Amino acid sequence: MNDSILKAILSMDAYNRGYDPGISISGSVIGNATIIKDSFVLGETTILGETYRNDQLSSFYGIAYQIKDTNGNITDTVISYRGTDDPTGEYLFDGARFNTINAKNAVANSMSSGSFSTGRQQ
Amino acid sequence: MDKILGFIKAHKILSVAAVIILAIGTAWAMDGHETYTWRYKTTVTLETPEGEKTGSAVREVIVNVKPYPIDTRRPYRTKVHLKGEAVVIDLGKRGVLFSLLSSGNLGVNHGSDIVFYAFDGPAGLTLEGLKYYSHLKDAKTSLDPKFRPTMVMFKDMGDPKTVTLAYGVKMTSVPNQAENQYDYDDHLEELFGKGVKLKEVTVEMTDDPVTREVSRYLPSFGEETGYWKWVEQLPYGDPLRIGESDFK
Chain L
99 MNDSILKAIL SMDAYNRGYD PGISISGSVI GNATIIKDSF VLGETTILGE TYRNDQLSSF
159 YGIAYQIKDT NGNITDTVIS YRGTDDPTGE YLFDGARFNT INAKNAVANS MSSGSFSTGR
219 QQ
Chain D
326 MDKILGFIKA HKILSVAAVI ILAIGTAWAM DGHETYTWRY KTTVTLETPE GEKTGSAVRE
386 VIVNVKPYPI DTRRPYRTKV HLKGEAVVID LGKRGVLFSL LSSGNLGVNH GSDIVFYAFD
446 GPAGLTLEGL KYYSHLKDAK TSLDPKFRPT MVMFKDMGDP KTVTLAYGVK MTSVPNQAEN
506 QYDYDDHLEE LFGKGVKLKE VTVEMTDDPV TREVSRYLPS FGEETGYWKW VEQLPYGDPL
566 RIGESDFK
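First to last, the protein sequences are chains L and D.
The first sequence begins at 99 in this note's numbering and counts up one residue at a time.
The second sequence begins at 326 in this note's numbering and counts up one residue at a time.
I should point out that these hints are in silico values taken from the structure, not numbers from a laboratory.
As the structure is a computational prediction, the values presented were derived from the model and not from experiment.
Note that the Cβ used here is the ideal one computed from N, Cα and C, for glycine as well.
You may find that some hints are simply not true.
DSS-like mimics (lysine-lysine), calculated; alpha carbons at most 30 Å apart, straight line [to be verified]:
hint: 1; chain 1: L; residue 1: Lys135; chain 2: D; residue 2: Lys573
hint: 2; chain 1: L; residue 1: Lys105; chain 2: D; residue 2: Lys495
hint: 3; chain 1: D; residue 1: Lys462; chain 2: L; residue 2: Lys135
hint: 4; chain 1: L; residue 1: Lys135; chain 2: D; residue 2: Lys408
hint: 5; chain 1: D; residue 1: Lys554; chain 2: L; residue 2: Lys135
hint: 6; chain 1: D; residue 1: Lys554; chain 2: L; residue 2: Lys166
hint: 7; chain 1: L; residue 1: Lys135; chain 2: D; residue 2: Lys486
hint: 8; chain 1: D; residue 1: Lys480; chain 2: L; residue 2: Lys135
Restraint-style ranges between C-beta atoms, simulated for each label pair [claimed, not checked]:
hint: 9; chain 1: L; residue 1: Ser109; chain 2: D; residue 2: Gly417; range: 48 to 56 Å
hint: 10; chain 1: D; residue 1: Pro374; chain 2: L; residue 2: Asn100; range: 58 to 66 Å
hint: 11; chain 1: D; residue 1: Leu565; chain 2: L; residue 2: Glu148; range: 15 to 23 Å
Put together the whole structure using the sequences plus the hints.
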């Protein structure tokens, strides 16, 4: 797969992972990129008895991939992130969640048939 | 005299504060903001050699809606907040099972979104859906197994790093197939003894108060436990990549 196309796909993939994903997908390998870490590792904060993920509190989500060549050597690390288009964080990702819930399983099903169109709105 | 002046001053401050709060509230409402709320009770039933054992939790979902006219297709935005916690099923000497706020299918949004999947109705985060689910009464259903939450136990109730998967649903997208594949990872008998099986998980709309029970069963997830260093080394997608927010 062309390197630019792979990175374009990875840039969209951040919208479909973690909390409030645009579409529900499984797996941790996309082409020759493997997910190694996401912003879940930033930990949590408890406020008035409720515990929140720190990335979600900041309306941010980031995910890192390792890219390997055909010999299995790591050639690149890519970080894809979302959460910079609504600095107040007031209603972030709602469009993504709307898509998930609106389509219920239909979107996930279309993904499993091989299409990779997010159809995401913000 | 000083007391009287003090009283008048305090009274004025309170009055100004009340006016400000009222003004903000009025502005919020006039701006088209709306809030939809509902509560649901989820109950986990296990079959055990001692008979059926259940645990329940009542959760509240609050959805704030604000106008977003720039998007003509969907001229509003929503913000979802969940109040609630994991279900605790205390099996006595056998141990304690936790049915989490997350699942393999819906991820960390399980607690806030499960009602949309449990009951037939309009899509959840549409205005039609919000009106429907916020008025839904006397509805109860047994969850389709693919929507069951992730369930865990602690081998050592004092150490969060001993968290162990008891029941999980793994969703896999299958190329060229319309339906995802669901695999069920069931370790209940292995962890709690022969004859301990999951019977069902139900979801029921309710007006009961939100339950707060889980904290007294949970170990500390504090820095001193080294939990976050431990969880960080788990591979992406591991069902045990969970935190305290999956419990409460």
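Tested hints:
1. L:Lys135 to D:Lys573: Holds: L:Lys135 and D:Lys573 sit about 24 Å apart, inside 30 Å.
2. L:Lys105 to D:Lys495: At roughly 27 Å apart (the allowed maximum being 30 Å), D:Lys495 and L:Lys105 satisfy the hint.
3. D:Lys462 to L:Lys135: violated, 42 Å
4. L:Lys135 to D:Lys408: holds, 28 Å
5. D:Lys554 to L:Lys135: holds, 13 Å
6. D:Lys554 to L:Lys166: holds, 26 Å
7. L:Lys135 to D:Lys486: holds, 19 Å
8. D:Lys480 to L:Lys135: holds, 26 Å
9. L:Ser109 to D:Gly417: 48 to 56 Å: Hint holds: Cβ distance 51 Å, inside 48 to 56 Å.
10. D:Pro374 to L:Asn100: 58 to 66 Å: holds, 59 Å
11. D:Leu565 to L:Glu148: 15 to 23 Å: Holds, at about 22 Å.
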